[in-house]
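Start from the sequences, fold in the hints, and give me the full structure.
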Amino acid sequence: MTDVDGLYKFSDLPPGNYYVVFDLTTIDNPDLYDFVTPDTGADDTVDSDAMPVNPADDVAPSGPTGPLASGEEDLSLDVGIVCALEVTVANPFTICSTGFIDLLSGASVTPARLGGTWSTPDGTGTFVDAAGDPLTAPYALGTAARYLPSAADGVRGFVNLILTTGDPASLSPASSCAPISSPPLRIDILNVDCGQPFWDGEND
Numbered sequence: 406m407t408d409v410d411g412l413y414k415f416s417d418l419p420p421g422n423y424y425v426v427f428d429l430t431t432i433d434n435p436d437l438y439d440f441v442t443p444d445t446g447a448d449d450t451v452d453s454d455a456m457p458v459n460p461a462d463d464v465a466p467s468g469p470t471g472p473l474a475s476g477e478e479d480l481s482l483d484v485g486i487v488c489a490l491e492v493t494v495a496n497p498f499t500i501c502s503t504g505f506i507d508l509l510s511g512a513s514v515t516p517a518r519l520g521g522t523w524s525t526p527d528g529t530g531t532f533v534d535a536a537g538d539p540l541t542a543p544y545a546l547g548t549a550a551r552y553l554p555s556a557a558d559g560v561r562g563f564v565n566l567i568l569t570t571g572d573p574a575s576l577s578p579a580s581s582c583a584p585i586s587s588p589p590l591r592i593d594i595l596n597v598d599c600g601q602p603f604w605d606g607e608n609d
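So the working numbering is basically just the index in the sequence shown, starting at one, shifted up by 405.
It is possible that some hints are incorrect.
[To be verified] Straight-line alpha carbon distances no greater than 20 Å define the calculated SDA-like cross-link-like pairs of lysine to any residue that follow:
(1) K414 with D449
(2) K414 with I432
(3) K414 with G468
(4) K414 with G485
(5) K414 with V484
Simulated from the structure, these hints should not be mistaken for lab results. This one's a predicted model, so the numbers in the text were calculated from it and none came from an experiment.
Take a look at the structure:
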């Protein structure tokens with residue numbers, strides 16, 4: 406394990422060619438983090454040297470030091486990690502003003518245990534659960550099943566919805582990662598009642 410400053414050192418090793426293995430599972434909340442891209446800096450003493458075999462791997466070896474002679478040392482094998490929260494929402498689409506927006510389709514947060522909440526910067530409609538009962542904020546991902554546009558939403562012609570992850574600082578132990586939000590998902594609203602058949606031009 407490194408010390409509190411992230412430093413480590415192996416002393417009194419025989420001459421040889423060495424590598425180290427970095428293990429994310431030894432840190433708090435490892436599912437919130439990924440390794441950064443290795444060897445992207447100009448200075449090899451401060452870039453990341455962790456090279457996971459697969460992008461999702463939690464364990465990654467460094468490259469080899471090359472042969473080290475007696476008394477020689479290599480202090481360049483470092484690792485960088487980054488917060489790896491993700492939010493996914495559906496692609497933009499169009500509905501009728503008498504329709505609804507399905508909040509359960511195409512929406513997810515990674516890692517799922519963080520949960521998420523829906524919000525709208527401009528909508529005045531109603532968030533409801535799967536039974537159709539109105540909800541009060543916060544509108545939790547998975548509980549908020551639909552958004553019902555208001556008359557004002559229909560007149561405006563669109564509504565934006567945003568999905569935000571839960572706060573990693575609320576975990577135990579807390580994480581320093583910050584919540585992230587999806588870009589506003591714009592749903593265009595046709596100010597018509599699509600539940601009624603259109604007049605076919607014929608008189609009855």
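Evaluated hints:
1. K414 with D449: With a Cα-Cα distance of about 17 Å, the restraint between K414 and D449 holds, given a limit of 20 Å.
2. K414 with I432: holds (18 Å)
3. K414 with G468: holds (17 Å)
4. K414 with G485: holds (17 Å)
5. K414 with V484: The given pair, whose Cα atoms are some 14 Å apart, holds under the 20 Å limit.
In terms of the numbered hints stated before, the structure departs from none.
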